[in-house]
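S.K.: Residue-level listing of the chains:
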Amino acid sequence: MKARIVSLADVLKIVDLLRSRGYEVLAPFCGRGRDTCFDTVTDANRPQVQVHLPNPYYPPKRFVFPHIERLMAVRGGANGEMKIEPAYEQPRRAIFGIRSCDVAGLWHLDRFYLGRDFRDVYYEKRRNNLFLVNVVCTDPARDIGEDCFCLCADTGPAARDHFDLQLMDLGEGEFMAVAGTPAGEELFSEPIFRKATGAHLERRRAILAAVRKHFRTPPSWFSATVRYVSQGTILDKTWEEIGNRCLECGGCTYVCPACTCFTVSDRQVGPQEVERVRIWDSCGLGGFTRMAGGFNPRRAVHDRRNRRFFRKLAHYFIQRELAMACVGCGRCAAVCHGDIGMPSVVEMIRRAAPQEASK
Amino acid sequence: MNTPGTENVYLPKLAVLERVVEDIPDVKTFYWRFEDPAAQALFKRFRPGQFAQISVFGAGEFPASLPPSPTEQETFFTIRQVGSCTSALHHLKVRDKFGVRGPYGNGFPMEDYHGMNLVFVAGGIGLIPLRSCIVYALEHRSHYGRIQVFYGAKTPGELMYRPDLRQWEKSGGMECHLTVDRAANGWNGSVGVVGSLFKKKGVEVPVDNTIAFVCGPPVMFRFVIKDLLALGFQERHIVSTLERYMKCGVGKCGHCCIGVAYICVDGPVFTYEQIKKLGEDI
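Chain order of the listed sequences is A and B.
So the first sequence is numbered by the working numbering: it starts at 1 and just counts up by one.
So the second sequence is numbered by the working numbering: it starts at 1001 and just counts up by one.
There's no promise every hint is true.
[Unchecked claim] Below, a list of computed lysine to aspartate or glutamate pairs in the EDC-like style, where the Cα atoms sit at most 16 Å apart: (1) A:K125 x B:E1007; (2) B:K1013 x A:E85; (3) B:K1093 x B:E1018.
Treat the hints as calculated values from the structure; they're not laboratory data.
For reference, chain B alone in the conformation it holds in the complex (with noise of 0.2 Å):
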């Protein structure tokens, strides 16, 4: 976390592109490291469920969300090429400079869910902020109790981190049930929404002493609230993390505030107790 200071928060610092994975259409995850070992080390601090502030200068700066866990080597963003800035980031070619400035935001506070069991529902690219808790609560596997994750997108071909999934579930600390809207030649999984999932038979949802982190897209969010809350989960044990579009990402600029809150520095994690008081529709 930036201390209060005199420094100028809204300074990205210089960060080198090592490698960039696709990893389905229109994503890729992009590996980069601060030319400033200081900078590098001190960034790497973040919590699970913050954010930073990408730049690529000429295009603009936007916000994105932390896939790695702060336990892993490597620092990585996961993009969907959208709009102008996440196209010109495409675009960057291995060694090319851009910025980046955080972390920011409140994060996830994974120790307070310490001795809970953790249901992960995710829906599409939800899954990329989702990431980081996922690999940070396998990596402090004792802290937990039971560790679902169930994860649904369009197509088998837009199923994100396949690779990790696979090896998540190899490690036996976790359960992983995913679906996809429409199945195409080879999936032999699950069809449906991915609340559908939370009935299948063999899964056994746990709901008292559970937190459920839930990030998707809106309709997927409703039904999946929806599905919980039908399941007898309590709304403060319904954690989200919510996007909106940020120019500073420090509190300042005004776009993401919803409702009471500055997404920024108020969230981006919330309850979903919390998204109910902030007297706006998300």
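This is chain A alone, in the form it adopts within the complex (with noise of 0.2 Å):
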């Protein structure tokens, strides 16, 4: 591990860093109220940049697996003649500021969309050329929500991998640095680092104990829900509890650093010209799985609901994906309505469950 110091006055420095190194850095900013959000670093915006402060809503994933993604456009000619043309889009980012549990959705969609039988080529070119500066959350005040449970789903306070640059506030004006990568061990040549020494090392460990106490969701029984959901014992009408309390917004995937899918929709934007664009979906949707001619195989909302637990949990996936496709952000337990998000359901399959045992 290679850990250099930064004094809090030269903490944002690594944002002028990163810009005058050609990238556009993307960091989190204050809104109204709890209201916070990643935005461009521009010279205007730079003194905003906020280093503590709740994970924003909207998550970062958004930069590797837009919202709206123009996939190809396709060109008609005068004789009939017709051109596909792919778009793609690259651009040389950095993410200051993204929060463990980003880094291991981040990971998680690396695994996804790269690994297997077909690679993504949309996300590996804007993914291939993404840094990230992951800040611990250290301050329970302003980092760690109500909702956190980073810890039940094993991805931090402190991501371990898959960072480029890791921040940690020290306290008494001090950050310490670790670098994940050579690119990131790179700027410890800048003469705003200086070398850590054993001390630092004891404050790490000292923060990092005390910070895990802070977190307010209870130790969550994932690993007997994950149990429960792989084996099928949980009861339909579990599942339609759970079902009753979804108002069908989709917002728990929508916000979620770990969902995939998508849906895929052409428009026309010009008398011969037409974009093929693809779209963030969710299974929590009606539409979801409706086929040509109206049927649906998952029709009820609490089919649906189990279909979303099954898929992050069962451990058929976590074979697969080395990981459950949870990282315990906290988001869906933060933007659900029916207060159906992680958290929730794994206490609801943990009551329910020695019904079920007696049935």
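Put the two chains together into one complex; each comes in its own frame, and the hints tell you how they fit.
M.R.: Laid out in structure tokens, this is it:
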């Protein structure tokens, strides 16, 4: 582990360093109230970049998997000619202040889109040039939300891997910087970084041990739930209770850093030109599995809820993708109007388990 | 099969519509060819039971099974007009262009069935994906034992591939049993559900060392499975091809995932034994 120390006064200079290296830097900003968002850093908004703040609800996955993405344009010619042109974007981007849960989310997307038989080139092109500056959540008041449960999902508060640079507030005006890749280590040649001592490492350990106590969501029963979900022992009745509370807004999937589904749509953009785009989709929506002619194999709301949690937690997919498709960011819990985010569902399944066993 | 690499799997290749044949009301067969001969040659390596994604630009893209056998010269799709994309395809004229990508999916492991009897059970347009296997099996006749086709439709006018069926039967390589739900003028064949053909006089379904291919609407599927199990078929000797709404065909969009399987990459061909273990009703 290559560790350096950077002072509080200099920590945002990392943003400047990345900008001077040609990166479009995306960093978190405060809006009104709890509202926070990632946005492109400019000379004008540079002083407003935040290090400690609640994690934005709109996840940074959109920088590699945009909400709406052009796939190709198809142009028609005069004499029946036709041409298909792929639309690629490969921006040189850096995300400053990405939280550990979202780092794990991106790693999940990497395994999903770039693994298995087929590679997704659109994802790959955006991902290749992405530089990640992870910030460890250490401030109980500002960083850690009521719904955070990265401890249970084993993704945080400090990511162990898959970042280029990791920053952690050690207090007393000092941050520890850890390089995760050669690209991250390259930054250490800059004069703002100085060597870390054994005392710094000791402080890091002490802070991480203390910060664990500030998570409000109690350790959830993930392992038991994974077992129940995988074995299919959860009663329909339990899923119906969960389904009854679903408003079918799709919000949980849109804010989820590990959700991957999309739909594809063609739109006319000129008299002889059609554009094909892909758009985030949600397995919670009624039309997700509806086929031409109207037949819908997953018509009931609770079947679709069942689907979402099965896909995220079933042992089969954990084996296939090396981790469950939940990173513990707590966004689904925060945005769900029916209170059936991941922690609540895990709890509902746990409570129903004794009834099922006695059946 | 596409190999992992840097190519763009979402990019269709342009195909030209060569001729259109109306099979039954609302169902047409579209004969087509890739503009690029190299793409045509590559595509022709498909296996029976695989599928392709068809793009009608402006309307969208949809999955369709491949009814031709790889042993046949021509490439074609047989499509029922049912939604917006299929309607757009039906409105194309000869020499119009559209997009095709594939082939995708696992297909039927026809080599594994060497030395076995083949029983094809189809309902309605369920014969379309099975056509590929039937033609393939007849083309490699010496590799297989008895071959039987049991096929049912609502009315005689809705029986698919009538000229093919007649020709296959005439070839002497197989038995063909047809039935309809409702007879119409001039129909002197069987009337009843397709499963009733198994008990018809003079019909003897081989059970040992036999693979049963089943494809049709969900209701027909359930009843035929019951009939086949009652005849003594093992669950792993009943194969089918599943259909789902798909956007990508390559295991990314998530629409076709049933239980633990992505129909597009893990299927669409599954044995009944596998279907039961998917963890979700089909």
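S.K.: It remains to establish, for every hint, whether it holds in the given structure.
M.R.: Going through the hints against the structure:
Between K125 of chain A and E1007 of chain B, the direct Cα distance comes to roughly 12 Å. Compliance with the 16 Å bound is thereby established for this hinted pair. With a C-alpha separation of about 11 Å, the suggested pair K1013 of chain B and E85 of chain A falls inside the 16 Å cut-off, and the hint holds. Distance check on the hinted pair: K1093 of chain B and E1018 of chain B sit about 9 Å apart at the alpha-carbon level, within 16 Å; holds.
In this structure, none of the earlier numbered hints is contradicted; all agree with it.
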